[in-house]
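All chains should be built: construct the whole structure from the sequences, respecting the hints.
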Amino acid sequence: MNQTPLIDIRNVTKDFPLAGGKVSVLKGVSLQAMRGEFLAIVGPSGNGKSTLLNMITGIDHPTSGEVYVNGTPIHAMNEEQLSVWRGTQVGIVFQFFQLLPSLNLLQNIILPMDFSKSLPKKQRKERAMHLLELVGLADQAQKLPGNVSGGQQQRAAIARALANDPPLIVADEPTGNLDAQTSDDVFNLFSHLVDQGKTLVMVTHNDELACQTPRRVVVRNGLIAHDGPCEG
Amino acid sequence: MGVIWYKVWFDLWKSRGRTLLVILSIASGVFAIGGIFGMVDLLISGMDASHRDVNPSHINIILRNFVDADIVDDLKTMDGVEEIDPVNQISVRYRTSDDEPWKLGTLVMRDYDEQVYDQFVLKEGDYPTGLDLGMERMTGQYFDIEIGDAVTFEIDGEPTAFTVQSQIRHPFVQPPQFGGQAHFFVSAEGLEEFGIPEGQYGQLLVRVDEYSLERSQEIAGDIRERLGEQGLGVLVTLYQDPDRHWGRMFVEGVNLILQIMAIVSLFLSVVLVLNTMTAIITQQTDQIGILKSIGGRSSVVARIYLVEVFVYGMLALIISLPLGVALAYSMTRWFLILFNIDYPTIEFSIRAITYQVVAALVAPALAALIPILKGARITVREAIASYGIGGDFGSNGLDRFVERVGSVFLSTPYAAALGNMFRRKGRLVLTLLVLSTAGVMFLIVMSLISSTTLTLDNDMARRGYDFRIGFTRNQPSDDLVQTALDVEGVTAAEVWFSRNATILRAGERLQDSAGLGAQLIGLPAESELYQPIITSGRWFEAGDENVIVLSGETAEKNNIAVGDTINLNLGELGNSEWEVIGTYRVVYGGGFVIDAIYAPLEAVYDATGVQDEGTQIYIQTDRTTTSDIKQLSDDLRAMYEAEDKDIDLYTTSVVFEERDYANNQFQSVIGMFLGLAMLVATVGGIGLMGALGISVMERQREIGVMRSIGANNRQMMTIFIMEGVLQGLVSWLVSIPLAYIIAAPLARALGQTMLDIDLDYAFNTPAVFIWLAMILVISISASWVPARQAARMSVRESLQYS
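Top line first, the protein sequences correspond to chains R and C. Residue numbers for the first sequence follow this note's numbering, so the first one is 1 and each next one is one higher. Residue numbers for the second sequence follow this note's numbering, so the first one is 1 and each next one is one higher.
Don't take every hint at face value.
Claimed, not checked - Derived CB-CB ranges, DEER-like: (1) R/Arg220 x C/Val362: 55 to 63 angstroms; (2) R/Gly28 x C/Trp13: 50 to 58 angstroms; (3) R/Phe16 x C/Ala749: 54 to 62 angstroms; (4) R/Gly28 x C/Asn713: 50 to 58 angstroms.
Said to hold, decoys possible - One-sided and incomplete, this derived list gives chain C residues near chain R with beta-carbon spacing under 7 angstroms: (5) Tyr6; (6) Thr285; (7) Gln287; (8) Ile290; (9) Lys292; (10) Ile294; (11) Arg297; (12) Ala302; (13) Arg381; (14) Gly419.
Said to hold, decoys possible - Beyond 12 angstroms from chain C on every Cβ pair, some chain R residues (computed): (15) Ser64; (16) Glu66; (17) Leu100; (18) Asn108; (19) Lys117; (20) Ser118; (21) His130; (22) Arg220; (23) Gly228.
I should point out that these hints are in silico values taken from the structure, not numbers from a laboratory. This one's a predicted model, so the numbers in the text were calculated from it and none came from an experiment. In this text, a Cβ means the ideal position worked out from N, Cα and C, and glycines have one as well.
This is how it looks when you write it as structure tokens:
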């Protein structure tokens, strides 16, 4: 079994400049996640959990420290390199779905494959349909995001995140805009993906949901306050 | 690149209104470029080609006396003379029906089968033989005379009718709209009816061996001297460039200004593209973030939006290319017809089409490059960071000032409109730039109109006379004055004496500055009927002897200053020395005027040996309307003709008519400028509509919130219309001082380039309020559609994530 962590965050700090000085959002955080892990990051608002997630996806750069994902030192990459890297190495699921409104669901899923050219052109549509079937949206393939429900959009977003078969899926408040039933559906889908071998990191403010994951990382005041299964 | 192109198509099609606005704004600039530059190319080349086709003479000498073939043959042997083509051209009185008053016209005769220079073209019928009458083409069109019509001429006081049998194109007639007379053609036999025997010629068309203006002037001077030795005089000398049409001066000045305005129009439409792309990128920032989060590179993002711009440009080109070609052809044809030049087949200018392609495809892409590259460089974090309505207004002093003004002076919806205007300052600046430019152009054009009116009024005010009558030969002054004063309505009459003159200094011939050459004009030193505007030195005083006042242009051209002494060669009347005591400002310039050198009449008599004779009489009347003055002028002319005093058409005119003709030349040009100013205003309106439309799209969630707290349709519309109106008002305020500063030098430059005229400047204050009304109409019209869009948006629509 491969013991190299998929995610390896080493003593990362992140400061944001303000008019009156700076604010330290992350104050020396270290975290590792192995392949196939499913972890939830929780914590009070403004304490750094989304920032921590952004370190993993390369959306943000650490002020100091190192971030390795699948062995790649992403802290040292520039924006262009990160864009290309994200296409094949990480699938991101956002709170507000972030589908392109001008493309239908099927096209939204094909798009990352077009960027990465990971599959021959003729196979992309087939894979996209397969992913839509996986998330239960095959019959909505031709619809625009504006014409489907929030839950359906989020499932489409998950399908898009899987387009290039990345090892890591990252979700930032994926159920923040969904009702309870739909949230459960999304969570079940995540569990299924983990069972399939994906590593999944989820930021959530929903403690109940977080406790359903095997590993719960609590971020408080820019530091990891707890890392392990839910207490009690 | 695959499915991403669906996004491009979707963006263009879903926002059809915005797409159409951008295309129209690019198309308007490209259309102006194609039309104007196409016209410039076709017009000048058409005019010059037509000019060359008639084998133009270099010198056109209008004689004071008739000469026979022997004299012509003698002149042909002079050094420097390539050939001479003798013709006849006399002033006649005609009418086309018995109840019409007599009008002044021109009768031409030449050997039609052996034309050498300034060749006529037969358009219909045959060249006149016997007592046939031909008419010039523009004469027929303008004065509504057709083949078969009878034209009656006054010959020795008796009406004599001729029938028009043919239509002929004369290459060198002044357009009737600009004061040109009717031209008719007869054979030698026909001319005998008018008292001119066959074999006698009054005009010589000359070509020199190696053309240059200086060479032509030199040879013309030699010819004048040779004629002078035989007691023969020259009335007027005209010079022509064989390669450049005589109307070029007028057209070139206009073309330059039109080209500048076309470029400004394109610049403004490109600014709109910049504005629009900035707005689109801003609106789609989150989409850019998404693209980058799923593997899209900056180059992909840039390509997407550059393709959108290219599509805008391509569609604009499809619309504007044929329209530009059509406009160029139509305007060229209109101008050429004005100058009596045929233009039957549609042609196009490769240069203009190339400019249009570049203007449509390259210029917008270059303009959009900045926001596109900036957008492409947005990071995922920057792009997806904001989720709310957007609360960046209020972060600087300007914003807080605007907010205070709004809260103190305006109710909440209007205060919101004022604040909204300043939320996107870059876009506001660009929109204001377009609207202000339109305002400045409009005010400049209107000031040009008021300046021409003022200039003409000022000049008229300096003329104490109502009309003048010129004679082909010297006439006894007392006779002229007595005849004039006997006419009821004439209140004053003054005789002047003039002679064709060549300006010399230390034996060297100097340049005159008018198409009809220089003339020494003797007038009473204390004349109250005319005094030009003195620009240096002084006018005459009692007791002045051999002193002259020159035009400022001639003085400048030849480096003559007040106090200098120059020589004037008056042909058969000899040479004499004169001191320059002043210079005056020319008001009417161009090819059909003389370069007047004024001197006291008594000094001219002394210098020439002529006494108590004159060549023009200046008449002051108690009449106040143009028609009454014209009638009086015609009556007096008839009286002089009855006394065998032949009228000289070049020095006979009514002041009101001169003013009208000068005004006509301005009006046709000003009409074009006004048209372009309106085009720019339209571009400005489109820009404003686009900017407001984008504003509605950007503030979708904000609109939803306002609707959810009780804003009704009328209030929603008010906010957006007010925003548009405020932008219009601000642009109006900005354009006034700018126009005031720029209009003066620009109006003067326009007067100089178009017609060699130094305009008196008058800022058109009423135009400021006309523009205010127009900008309000433009602003409200431009705001209406986006405002309705905002008003129709439901809360659900605007608050759902898009």
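Hint check:
1. R/Arg220 x C/Val362: 55 to 63 angstroms: holds, 57 angstroms
2. R/Gly28 x C/Trp13: 50 to 58 angstroms: Check passed, 52 angstroms falls within 50 to 58 angstroms.
3. R/Phe16 x C/Ala749: 54 to 62 angstroms: With a Cβ separation near 57 angstroms, R/Phe16 and C/Ala749 satisfy 54 to 62 angstroms, so the hint holds.
4. R/Gly28 x C/Asn713: 50 to 58 angstroms: holds, 56 angstroms
5. Tyr6: holds, 6 angstroms
6. Thr285: With Cβ-Cβ at 12 angstroms, over 7 angstroms, it is violated.
7. Gln287: Because about 6 angstroms separates C/Gln287 from the closest Cβ in chain R, which is inside the 7 angstroms limit, the hint holds.
8. Ile290: holds, 5 angstroms
9. Lys292: holds, 5 angstroms
10. Ile294: OK, holds: C/Ile294 within 7 angstroms of chain R, min 4 angstroms.
11. Arg297: With Cβ-Cβ at 5 angstroms, under 7 angstroms, it holds.
12. Ala302: violated, 12 angstroms
13. Arg381: Holds: closest Cβ of chain R sits about 5 angstroms from C/Arg381, inside 7 angstroms.
14. Gly419: Because about 22 angstroms separates C/Gly419 from the closest Cβ in chain R, which is outside the 7 angstroms limit, the hint is violated.
15. Ser64: holds, 18 angstroms
16. Glu66: Label holds. Min Cβ-Cβ 19 angstroms, cutoff 12 angstroms.
17. Leu100: violated, 6 angstroms
18. Asn108: At roughly 8 angstroms from the nearest Cβ of chain C, R/Asn108 sits no farther out than 12 angstroms, so the non-interface label is violated.
19. Lys117: Violated, because the least Cβ-Cβ distance between R/Lys117 and chain C comes to about 9 angstroms, which does not exceed 12 angstroms.
20. Ser118: violated, 9 angstroms
21. His130: Its Cβ never comes within 12 angstroms of chain C, the nearest being 16 angstroms, so this holds.
22. Arg220: holds, 23 angstroms
23. Gly228: holds, 29 angstroms
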